[in-house]
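Those sequence lines, one after another, are chains P and U. Residue 302 in this note's numbering sits at position 166 of the first sequence; the count goes up by one each step and never skips. Residue 446 in this note's numbering sits at position 223 of the second sequence; the count goes up by one each step and never skips.
Chain U side only, calculated, beta carbon under 7 Å to chain P, not exhaustive:
1) Pro278
2) Thr305
3) Glu306
4) Leu312
Here are the simulated lysine-lysine pairs, DSSO-like style, with alpha carbons at most 30 Å apart:
5) U:Lys479 to P:Lys514
6) P:Lys514 to U:Lys473
7) P:Lys566 to U:Lys473
8) U:Lys462 to P:Lys382
9) U:Lys462 to P:Lys353
10) U:Lys628 to P:Lys504
11) P:Lys514 to U:Lys462
12) U:Lys473 to P:Lys382
13) U:Lys484 to P:Lys543
14) U:Lys462 to P:Lys400
15) P:Lys566 to U:Lys462
16) U:Lys552 to P:Lys382
17) U:Lys479 to P:Lys566
18) P:Lys400 to U:Lys473
19) P:Lys543 to U:Lys479
20) P:Lys504 to U:Lys462
21) U:Lys484 to U:Lys473
22) P:Lys543 to U:Lys473
23) P:Lys543 to U:Lys462
24) P:Lys353 to U:Lys552
Just so you know, these hints were derived from the structure itself, not from any lab. The structure displayed is predicted, hence computed values, not measured ones. The beta carbon of each residue, even a glycine, is placed where N, CA and C say it ideally should be.
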Amino acid sequence: MKTFKIPLLIRGQLIDDDCIEFEARRGELSFQTPNVAGYLDTLPLQDPIKMSDMYEELNMDGVIDYLDQLSRRLSPKINPYMQEAYELSCMTSGLTPEILYSQYCNMIPAMLSAASVREVAEKHIGIATLDGWTRHELLDGRVAHTRPFGARCVHITAGNSPAVAAITVMWNCLTRGDAVVKSPSNDPLTSLAIGRTMIEMAPDHPLTKHYSVAYWKGGNTEFESTIYSPDNFEKIVAWGGFSSMKHITRYLQPGLELIAMDPKLSGTLIGKEAFESEETMRKVAGLIAMDFGGLNQEACASARVISVESGTDKAGIARLNKLADYAFEALQGLPLEASAPHRHFDEDLLAEISSVRRSPFYHVAGGKDNRGAVIASKLPAPVDFSDRLGCRVANLVPCDDIEEALKLITIHTQTIGVYPESLKLKLRNKLAFLGGQRIVSLGNHLSGNNALPHDGLEPLRRLCRWISESDMTVDTYESMLDKLKRQAAG
Amino acid sequence: MTERREIVKTLGDDPFRMMDLSIEEIFDFDQNEIDEFQLAGLQRRFAELRPALPPLDMLAEENHIEAINTIDEIVPLLFPHTEYKSYPLSLIDNCQFEHLNHWLNEFTTHDLTDLELDDCESIDDWLNAVEEHTPVRVVCSSGTSGKITLLPRSTDEERCIAKQFEFVYAKFRDEWGFGDPYGPDVYHVQINPRKGRVNSCRSGDVRVKYGFDGDESHVLNLGGELSTDVLWMTGRMKKAQLEGTVQQLKETAAWKRLHAKLENIQTSSAEDREAFYQDILVRLKGKSVAMAAGHVFYWEMLECARKYDLEIAFSEDSCLCTAGGVKGKGNLTEEQLAQVAEAFPNLNDIYGCSELMALARQCPEGHYHMPPSVVSFVLDPETGVPYPRSGTQTGRYAVFDLWAKTYWAGIITGDEVTMNWDGGCGCGRKGPYLLGDIGRYADKNGGDDKITCQRSAAAVEEMMESMRNQTS
Numbered sequence: 137m138k139t140f141k142i143p144l145l146i147r148g149q150l151i152d153d154d155c156i157e158f159e160a161r162r163g164e165l166s167f168q169t170p171n172v173a174g175y176l177d178t179l180p181l182q183d184p185i186k187m188s189d190m191y192e193e194l195n196m197d198g199v200i201d202y203l204d205q206l207s208r209r210l211s212p213k214i215n216p217y218m219q220e221a222y223e224l225s226c227m228t229s230g231l232t233p234e235i236l237y238s239q240y241c242n243m244i245p246a247m248l249s250a251a252s253v254r255e256v257a258e259k260h261i262g263i264a265t266l267d268g269w270t271r272h273e274l275l276d277g278r279v280a281h282t283r284p285f286g287a288r289c290v291h292i293t294a295g296n297s298p299a300v301a302a303i304t305v306m307w308n309c310l311t312r313g314d315a316v317v318k319s320p321s322n323d324p325l326t327s328l329a330i331g332r333t334m335i336e337m338a339p340d341h342p343l344t345k346h347y348s349v350a351y352w353k354g355g356n357t358e359f360e361s362t363i364y365s366p367d368n369f370e371k372i373v374a375w376g377g378f379s380s381m382k383h384i385t386r387y388l389q390p391g392l393e394l395i396a397m398d399p400k401l402s403g404t405l406i407g408k409e410a411f412e413s414e415e416t417m418r419k420v421a422g423l424i425a426m427d428f429g430g431l432n433q434e435a436c437a438s439a440r441v442i443s444v445e446s447g448t449d450k451a452g453i454a455r456l457n458k459l460a461d462y463a464f465e466a467l468q469g470l471p472l473e474a475s476a477p478h479r480h481f482d483e484d485l486l487a488e489i490s491s492v493r494r495s496p497f498y499h500v501a502g503g504k505d506n507r508g509a510v511i512a513s514k515l516p517a518p519v520d521f522s523d524r525l526g527c528r529v530a531n532l533v534p535c536d537d538i539e540e541a542l543k544l545i546t547i548h549t550q551t552i553g554v555y556p557e558s559l560k561l562k563l564r565n566k567l568a569f570l571g572g573q574r575i576v577s578l579g580n581h582l583s584g585n586n587a588l589p590h591d592g593l594e595p596l597r598r599l600c601r602w603i604s605e606s607d608m609t610v611d612t613y614e615s616m617l618d619k620l621k622r623q624a625a626g
Numbered sequence: 224m225t226e227r228r229e230i231v232k233t234l235g236d237d238p239f240r241m242m243d244l245s246i247e248e249i250f251d252f253d254q255n256e257i258d259e260f261q262l263a264g265l266q267r268r269f270a271e272l273r274p275a276l277p278p279l280d281m282l283a284e285e286n287h288i289e290a291i292n293t294i295d296e297i298v299p300l301l302f303p304h305t306e307y308k309s310y311p312l313s314l315i316d317n318c319q320f321e322h323l324n325h326w327l328n329e330f331t332t333h334d335l336t337d338l339e340l341d342d343c344e345s346i347d348d349w350l351n352a353v354e355e356h357t358p359v360r361v362v363c364s365s366g367t368s369g370k371i372t373l374l375p376r377s378t379d380e381e382r383c384i385a386k387q388f389e390f391v392y393a394k395f396r397d398e399w400g401f402g403d404p405y406g407p408d409v410y411h412v413q414i415n416p417r418k419g420r421v422n423s424c425r426s427g428d429v430r431v432k433y434g435f436d437g438d439e440s441h442v443l444n445l446g447g448e449l450s451t452d453v454l455w456m457t458g459r460m461k462k463a464q465l466e467g468t469v470q471q472l473k474e475t476a477a478w479k480r481l482h483a484k485l486e487n488i489q490t491s492s493a494e495d496r497e498a499f500y501q502d503i504l505v506r507l508k509g510k511s512v513a514m515a516a517g518h519v520f521y522w523e524m525l526e527c528a529r530k531y532d533l534e535i536a537f538s539e540d541s542c543l544c545t546a547g548g549v550k551g552k553g554n555l556t557e558e559q560l561a562q563v564a565e566a567f568p569n570l571n572d573i574y575g576c577s578e579l580m581a582l583a584r585q586c587p588e589g590h591y592h593m594p595p596s597v598v599s600f601v602l603d604p605e606t607g608v609p610y611p612r613s614g615t616q617t618g619r620y621a622v623f624d625l626w627a628k629t630y631w632a633g634i635i636t637g638d639e640v641t642m643n644w645d646g647g648c649g650c651g652r653k654g655p656y657l658l659g660d661i662g663r664y665a666d667k668n669g670g671d672d673k674i675t676c677q678r679s680a681a682a683v684e685e686m687m688e689s690m691r692n693q694t695s
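Just chain P, same shape as in the assembly (with noise of 0.2 Å):
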């Protein structure tokens, strides 16, 4: 068994002593990190009054410069501590090496860059909005001033992908708040790996001394409670499956609000001009397998039910069967930085393909090792365990008119991806009114834009506490008391 030393970083400091260990996932591993139930006083940011060196200080020129300083600093090759949590990522994740060093490399640096930042600031609100009080003139006379500012959130963040640390720190860093991050057992150093990296770079900077990373067991009721408490902090962001989601909302109360960053599935929508060429059944068939088999179909935007107007008739289900085909087919021609065969594929999901290969209800691409599968229902209904398609798995389901598939797009639901462009724009009002969050082009499943609304809401917004401040001097209630007469007398 490989043990790891996970310090406990709070706001500048790191404390690696009286360590206590956790088993981590599959067994394989341990954890030693400080118990963080010592350090309750000192985790949460008591007095948020502290929160004002990040606005005296610095502005948001200042902010993205920092992001922009930090993510040069980022990449494996230079930085120890990215290493190490890049060679303990590849023991824990679903995804391949090949796809986490990109990610690494690649990704997170070009996501903390300031042209990328800038941009995620300015859609989202505005910089000159974060950068200062902005001024209203409202219909009743008054002059007003709204702000926003940042709050004491803690972050329980994913670890399906190690750039969920990343948008973690872009996130706090534009809305100057104050982050806990508490990192997950399957990856607990990408964060802390951040932050040893700022303390290196810019030990006294007030965005260095507002970022705070700990490790512990999630569930752990007794030490939740207690710092969960709208004393402690504003904001809870949770990232997360549906039960650890449940177990939060056990938590909220008056004051402490929760951004959640739901567990989501995706849908995929083909209509029947998929069929007209032997070339477009081809180059669907890829942009299905890059929405399926992307990042492994570790994120929640992977494709994964995929609604086909093949026709339900015999025709249509050996053209369904055929595109099942191409798609494994394209799936085995992804390069190895997007996708790969999983290391440790799911054996009850290779049992229930294995059954249902031999059943007359489904036509089955793949699904005989850990390469993956393409499952054609030759009846109008996902599989039985479509909850549970992972590890590049896709399931193609049949229709006669693509608008039966609607039934399947729920709350629930994030990503669309839709084939052809006509059908995303004849559907896009209605999939959003059934609970849909994102719709893309296929093949589109996997290109997330940080400037875009994130499941469904605006985090950065969210992040932020709103506040105005209402200009109502004597002279401005006298000329609202003038209005008043003069609309009784008129």
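Guided by the hints, dock chain U onto chain P, whose structure is given.
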């Protein structure tokens, strides 16, 4: 050829001949003898069943297997535990029994093709038609995946099940047990409805039929019937509740039909069980009782005895067994379990899984001995490759029931076991044995979806109540 060699050869040629043996004889084979007749039995079943069962044929073709030369060579042909529920759930939701029948037909040597199913409105209707016109007797079990397992046993296997219960309750050397478990003074007690398609109800049927020559008075149970549709809906509703799709479920033909006849469906309640305990505590006082049930039912019986001031006084030779593993203990506290142990001092445990006809009783050494009608395998849980059949091995349990001759009874179970292949148990039984600690992989992976016999009564009650509260 010596007489002994001849027996081994006979058992290989026809595993059914094991039925002629006594419990002492069945556990008196050396490992090499067991290997020999088990391999011959596997070869025979593969040769007989492959041409008749398309899923087996496909599996053999996929794995390029034409013949079985060693016991382990059958492993790639074992069905995953999902096989007997690999039909689409929508077939039941939408009451498409023709399709379901077509699916089931591929798993049995009996011919189901000419059945008239147009008038079938429910699973019970369909399976009644199957049973009326063919020898198939499907065994069902339910889970929160929303599907029921449909294992197509038939009348050809019925006698085997009766025989397995004889092995469980028969006296081995100086251990507990009856000279004749179906003797005129022995009463079998079951805490389940009389009729139904779950294992426990089916085993009641065959014990009456083969053990007691049709005399119902020796097999006591709760009476009534557990409808297969109710059993299915119990798991189906749990799935819908978890997914938040109860409204969609209510739109299905299956829901509407079951809801319409809700008032006519009988289920057994806690009160029914209490009345049953009262009855047997009085009626079977001093009598020889054979019973296997989860600890929770013994606890209920104990509470009933206390409430009505009744004595628990079955005859001392009674064979009271626990079953259901951890699940059979329900939510009982350590203290409650201790009280059960005090009130029923000679409880013995038995192990089985729903796919197997055989049961293994725990010997005085704490080990479980499967009769050699079952070929056991311990597989690497990650790769599915069999561990060597020697020494002590821990892994996923897989079985092949040689007594099944009309369906493929090779199954990879969800259980984690430790097997001592070298045998030599102090109890005197020869052959390999399972150590006492048996777990479920599903529990390790965050939860078990099985609604076991021990939990089904409460689960059914809960579902019926919930369904009554839903307007159609």
